[in-house]
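Which chain is which? The protein sequence lines are X and A, in order. Position one of the first sequence corresponds to residue 215 (the numbering used here), numbered consecutively onward. Position one of the second sequence corresponds to residue 215 (the numbering used here), numbered consecutively onward.
Just so you know, not all the hints are guaranteed correct.
As the list claims (entries may be wrong) - Taking lysine-lysine and the BS3-like style, the derived pairs with C-alpha atoms no more than 30 Å apart in a straight line are:
id	chain 1	residue 1	chain 2	residue 2
1	A	Lys249	X	Lys231
2	A	Lys231	X	Lys238
3	X	Lys338	X	Lys311
4	A	Lys311	X	Lys338
5	X	Lys231	A	Lys372
6	X	Lys231	A	Lys338
7	A	Lys270	X	Lys249
What the hints assert, rightly or not - Coverage of chain A stretches by chain X, computed from C-beta distances (three or more under 8 Å per stretch; other residues unrestricted):
id	segment
8	236-250
9	303-314
10	351-365
11	384-398
Derived from the structure by calculation, the hints contain no laboratory data. This one's a predicted model, so the numbers in the text were calculated from it and none came from an experiment. The C-beta atom is built at its ideal place from N, Cα and C for all residues, glycine as well.
Number of protein chains: 2
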Amino acid sequence: MRYSSETVERAVHELSKLPGIGRKSAQRLVFFLLKRPAEDVKILAQALLDLHEKVKYCSICYNITEQDPCHICSDVHRDQSLICVVEEANDVVALEKTGEFKGLYHVLGGAMSPLDGIGPDNLKMRELLTRLTGQVHEIILATNPNTEGEATALYLVKLLRPLELKLTRIARGIPIGADIEYADEITLSRAIEGRVTL
Amino acid sequence: MRYSSETVERAVHELSKLPGIGRKSAQRLVFFLLKRPAEDVKILAQALLDLHEKVKYCSICYNITEQDPCHICSDVHRDQSLICVVEEANDVVALEKTGEFKGLYHVLGGAMSPLDGIGPDNLKMRELLTRLTGQVHEIILATNPNTEGEATALYLVKLLRPLELKLTRIARGIPIGADIEYADEITLSRAIEGRVTL
Numbered sequence: 215m216r217y218s219s220e221t222v223e224r225a226v227h228e229l230s231k232l233p234g235i236g237r238k239s240a241q242r243l244v245f246f247l248l249k250r251p252a253e254d255v256k257i258l259a260q261a262l263l264d265l266h267e268k269v270k271y272c273s274i275c276y277n278i279t280e281q282d283p284c285h286i287c288s289d290v291h292r293d294q295s296l297i298c299v300v301e302e303a304n305d306v307v308a309l310e311k312t313g314e315f316k317g318l319y320h321v322l323g324g325a326m327s328p329l330d331g332i333g334p335d336n337l338k339m340r341e342l343l344t345r346l347t348g349q350v351h352e353i354i355l356a357t358n359p360n361t362e363g364e365a366t367a368l369y370l371v372k373l374l375r376p377l378e379l380k381l382t383r384i385a386r387g388i389p390i391g392a393d394i395e396y397a398d399e400i401t402l403s404r405a406i407e408g409r410v411t412l
Numbered sequence: 215m216r217y218s219s220e221t222v223e224r225a226v227h228e229l230s231k232l233p234g235i236g237r238k239s240a241q242r243l244v245f246f247l248l249k250r251p252a253e254d255v256k257i258l259a260q261a262l263l264d265l266h267e268k269v270k271y272c273s274i275c276y277n278i279t280e281q282d283p284c285h286i287c288s289d290v291h292r293d294q295s296l297i298c299v300v301e302e303a304n305d306v307v308a309l310e311k312t313g314e315f316k317g318l319y320h321v322l323g324g325a326m327s328p329l330d331g332i333g334p335d336n337l338k339m340r341e342l343l344t345r346l347t348g349q350v351h352e353i354i355l356a357t358n359p360n361t362e363g364e365a366t367a368l369y370l371v372k373l374l375r376p377l378e379l380k381l382t383r384i385a386r387g388i389p390i391g392a393d394i395e396y397a398d399e400i401t402l403s404r405a406i407e408g409r410v411t412l
């Protein structure tokens, strides 16, 4: 379907490339933006342009940041002996929100996925090894509890085992507020496997 | 929750102003855009900026267009005696997709909604009246079949009745492919009310 305007067509096309936005939603967004003041659309466009203009990766932990090293790596009050390894920068956001973790992070930039051609060399694994000076005592593997995340964690265990560090994996089990009755079998068996003594 | 980057925070904030995009989706979009090449983000931002730069309203029917009058109003092969009144420019897109309608359109720019402070003066009603020269024989009222759309249609009937034109309303009934069993009462009573002789 062609619009009466090439510009509208192009905006719909570009927006529908985004994840979770189909053609219908893109169309809705375009008509919404057309009704907003031009100034608002400029602010949105500039915010998007700034992403690549201003945001870079921390040269230590590879989290996204505007200053290098990032505010977590340069915070002397954080526990320098503890590194939490995550897949993506948004995992750092989620973990920071808990306020529980006071150590440092290492963002791999994804998980191993042979089908998508992502191997250890495409992730920041070598960069993790170079960080492991005598100061670091424990590595928490906080990759996602799915096939790719588990494979990545296993690979890291193999890689880091010889260094004689404490290696831990985040607990997998029934999420808080959920119902045992409706939990899937794998989660449930993990929850039993990982039971803790009271 | 604050990100390690003001720029990311701002982009999330701006994106979550869009309809149907909450904070979580906005976050996902931002991390997606950060992973795309800068060039792609530039193309997207430019497509959005172009909307207000290039798209204007047709001075006859108030549909969105890049040329004035729009390609429908300036098409001499279309039936100049028939005007279909719709609420929004995307309604024109939907109707054009059917390929059924060969007349002209008139885009009101919304529907009457006293609660939102939208009255007849905020819609292109006076502009519709000025179009009704002797050439126009029928007006199809194709506002949405909801409270606001029906109120707008009723208002237009009152307004246009003295002009002795043929006034019609699009049929409301059970949508094709739907189940009578699951149709709501109002749709069903409209379908019976609007039954056609075979």
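A quick look at each hint next to the structure:
1. A/Lys249 to X/Lys231: 13 Å, holds
2. A/Lys231 to X/Lys238: 18 Å, holds
3. X/Lys338 to X/Lys311: Measuring from Cα to Cα gives roughly 24 Å; hence the hint holds.
4. A/Lys311 to X/Lys338: 49 Å, violated
5. X/Lys231 to A/Lys372: Outside the cut-off at roughly 45 Å; violated.
6. X/Lys231 to A/Lys338: 34 Å, violated
7. A/Lys270 to X/Lys249: 11 Å, holds
8. 236-250: holds (count 9)
9. 303-314: holds (count 6)
10. 351-365: violated (count 0)
11. 384-398: Check failed, 0 qualifying residues.
Checked against the numbered hints given earlier, the structure breaks hints 4, 5, 6, 10, 11 and satisfies all the rest.
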